[in-house]
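Asks: Keeping their order, the protein sequence lines are chains C and Y. For the record, in the first sequence the residue sitting at position 201 is 924 according to my numbering, with numbers rising by one throughout. For the record, in the second sequence the residue sitting at position 173 is 801 according to my numbering, with numbers rising by one throughout.
Hint data in this document are derived by calculation from the structure and do not stem from the laboratory. Hints are not guaranteed to be accurate.
[As the list claims (entries may be wrong)] In silico lysine-lysine, DSS-like type, Cα no more than 25 Å apart, as pairs:
(1) C:771 - Y:1126
(2) C:1071 - C:1023
(3) Y:843 - Y:764
(4) C:1023 - Y:939
(5) Y:1126 - C:1023
[Stated by the list, open to error] Not the full set, but computed from the structure, chain Y residues with beta-carbon under 8 Å of chain C:
(6) 819
(7) 829
(8) 948
(9) 952
(10) 955
(11) 1144
From the three backbone atoms N, C-alpha and C, an ideal C-beta is built for every residue, glycine too.
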Amino acid sequence: MPNLDGGHYFLTVLAPVRTDFIQDAIPGRSRSHRAQLAQKLALMPVGKQTAASPEDAWPSPFSRNTLNHLARFVIIDGPAFNGRNSGDTIVSLIDGVDPLVPQPVDRFAHPYLVFAADLDAQHVDGDAAVRAYTDALWATMQPDLAIIFGHCVGFDGVTTADGFYDYIRRCQVETTMPFNDYWAHDELKAPPAPPKKVSKFSLAKLAVKLVGWAAGAWVVALLLDIILTKLHHGRVQLWAGWIVVHFGFWLLILLLVVALAAWIAYRYFMNKGQKPFPTAPNSDLPSILKSLFLQQHLTKLAIETQGASPAELHARFGAFLKAARPDDLTGPTQAAGECHAPALEIPK
Amino acid sequence: MTGQTTEEMIHLDLADIQGNIHRPYGRFGFPYTRHLFYNILRPEAGRAFIQGLRPRVTTAQPWDRDEGTGVVIKPQITLNLGLSYLGMRALNLPTSTLRQLPDEFIDGMHCRSEILGDVEGSAPEHWDPIWRDERKQRDREVHLWVSLSIGADAAGKPLPILDDWMTWLDGLVTASKGGVSLLDGHGKDGKSKWQDSCALMAPIGPNGAMVATPKEHLGFTDGISDPVFRGQFDPQAEALAAIGGGKIARGVYHEDTSWSALETGEFILGQVDEGQEFPVATQPAGFVRNGTFMVYRKLREDVPAFEAEMKRQAALWKQVTGETDDVAADETVRAKMVGRWSSGVPLIAAPTWADHQKIMEEYKDCLEIALRKPRDSKEAQRLAEYNKLLTGFRYGEDLDGGKCPFGAHIRRANPRDMLDPLLSDTVGSTTLTNRRRIMRRGLPYQEEGGEVGVIFMAICTSIFRQFEFIQQQWMSYGLDFEAGNDTCPLIGNRTQSKKHVIAAGPASNGTTFIAADLPEFVTTRGGEYFFLPSLSAIRMLAMGTIDPT
């Protein structure tokens, strides 16, 4: 399933936003769910995303779990409208299209809240990954979720982790084109070399071409037969007629075979597309955070030990390994939602 | 492709295009440039001032050679002008023209400082008063840029005609009766009324005459590789200059057939660009056609800090790589920062100091020919061969950065084919960099207090897409070069990273070297974005009629 790819789950949720009013006792002071939702999202802290973020920026609530790599809310008010399909003036004239009659415009009955997240699904099936994620979200940011999805249709009465999971699954749409930054390197390193021998695919192409030519020749023969019958050209007309009669049936069979082959090929490629790529090793968030931590401190060590003697280098690297504990994902490590590793004390 | 038919050739109206767009004057025998900046208080006075300048504006018209002596017949002095956004407003241009100008041009360089990496030592509060206070007072706004470029005598002094032209310009200001004023505020104390810049001179001409050199204050050879666009030169010269200066086509690389000139619209408005569209500037089209945008930037170079740091890095380089020769270590560290040896020879052509020395020996006649210009076709051909060595290279032959570090200055400024995802030693195109090229103009400056640097100018049709992208994504950031937050080791700021990684290669005996704790060498002293109007547009500005409809 494209939702699941390379050990990551790409969750896409489309929740319809309520179109009733948030009623106020004073007439004229009712508010729109869409507007309040947008305000809530605008007030969500985003943490220190870049070097330019303020030092005391509030961390994003999504950094309270270590399952999601990216999470995103977007409100979609409606589909884009590119204006009239103008087309070709002469064709429109022939088709009888009246340019003064308005064309239909696509509209949504509701705005939609999009929630998209890229989360860890290492060696588990997709359902289990989504369940673990919604449970983690409910445990760490329930008040925010209650406000946000409270502006959406059908969220009334959701008060438990079970209810939240059910709601998310009900609103989920398939992610058909996930973007994954991590992949199993060994299996995808080298793109397969173009096949040197004639592949099934090029054989199929050849077959389609042959059928095309045969069909073309048959049509020409048919036309010749019709024309020559009218002109009473005896011998040539006999030949053309013979072709039309004797090959028509076989041509029909051949066309059916090609259509069948095309359908099988289509199914084959679609099935291939549904198969997820294997889990990319060490692509879960705790491993990524640890590797970011190690990368920064190893760079620092490399700078400090440039030109050091082998003995000193050995000792310093040993001390680094002891302090940094490369295999220990629990710590020391970089916190989720931060863009720099914390300091590391290395006893000398 | 180099073999264009005459139908495909672009014939530019060179007499309608300002001359500084086509020619880096410094390399055409004009080692001095004086930059003057004016404020326009009353639109009608501004129009009259521009009308006064108009007859003397230098165009891009080709310069002929005297048939007898072969000497190029060129003006004694050149004049070019440009307008800032505030200048356009001060001239009362129509709202329909003003509101459609590019955002970054409307903002001006001061507002764009965070994007440009002008922070800390380069932040606007440290700029020269003219640029620091530009937006604080109506009568301190910089509206009009005028530059005069001029030759030098044997003693290295500007030719006396400069004084005559200054008197003439003063006369135009006086005639404006306070409607136009010349802005002071250059230099640290802000007392200077203009910004002078001048090539570094050396007594290497006949009888010890002073001759302009292509060096800047940090000791590097500057202005070697500039983009080449269609219609810039005649077809033969274009085909030659495109090797190294143009773009690389897709497919298997061949030096003689892969290069071609960039589309004209990347550098001149009203022409189709690399995106197969007209570059967006504003309305009406007739006002922007044959014009372009120019970035003016004063960059201070901290020579003592640079020298001290290079000494420190060279000592460490010897320790880490086992290099024993002092000169080789010093020169190599410098070259690894820039991507070229101080002579200008690229690291791709000469990865080690020994390789460089060999090339210098082989082409030693070319350095002299380059300074005095070739005398005959044989010398011209020899110089062309040397120039091809300087510019006609690609990064597909240095996939791991072992010769030229990924983060080196020239690799950041123009990554050539290195961003091609299919790059290999035989294949690679410049598709992803063709829309990020700038023409660089400018000369070194030296001030009374001892401050030195360069007056840097970049010419392109989109400051946002070309200059600002290079400055922000490539000079001030390292993701495209697998270098994280590292900035350009030469001109970058050091707020996020102070290091430059030099990948293992032939010059380092196979050892990776990290040049760490680099201080800031280059800091911004101010600048602005200008529109360089065509001669037709200058006429419209003088008339005050931009859109007659």
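Asks: Please go over all the hints and tell whether each is borne out by the structure.
Replies: Against the structure, the hints:
For the proposed pair residue 771 of chain C and residue 1126 of chain Y, the alpha carbon gap of about 21 Å is at most 25 Å, so the pair holds. Taken as a hint, the residue 1071 of chain C and residue 1023 of chain C pair is honoured in the structure, with Cα atoms around 14 Å apart against an allowance of 25 Å. Annotation: proposed proximity of residue 843 of chain Y to residue 764 of chain Y is violated, straight-line Cα distance about 37 Å (limit 25 Å). Distance hint between residue 1023 of chain C and residue 939 of chain Y is fulfilled; the C-alpha atoms sit about 22 Å from each other, no more than 25 Å.
As the CA atoms of residue 1126 of chain Y and residue 1023 of chain C are separated by approximately 11 Å, the hinted pair is consistent with the 25 Å bound. About 36 Å separates the beta-carbon of residue 819 of chain Y from the nearest beta-carbon of chain C, more than 8 Å, and the hint is not met. Annotation: interface hint on residue 829 of chain Y violated; nearest CB of chain C at approximately 40 Å, more than 8 Å. With its C-beta approaching chain C no nearer than about 5 Å, residue 948 of chain Y sits inside the 8 Å limit, and its interface hint holds.
At a threshold of 8 Å, the smallest CB-CB gap from residue 952 of chain Y to chain C is about 14 Å, leaving the interface hint violated. Annotation: residue 955 of chain Y was flagged as interfacial toward chain C, and the flag is violated, the nearest CB pair being 20 Å apart, outside 8 Å. For residue 1144 of chain Y, the shortest C-beta to C-beta distance to chain C is roughly 4 Å, which falls under 8 Å, so the interface hint holds.
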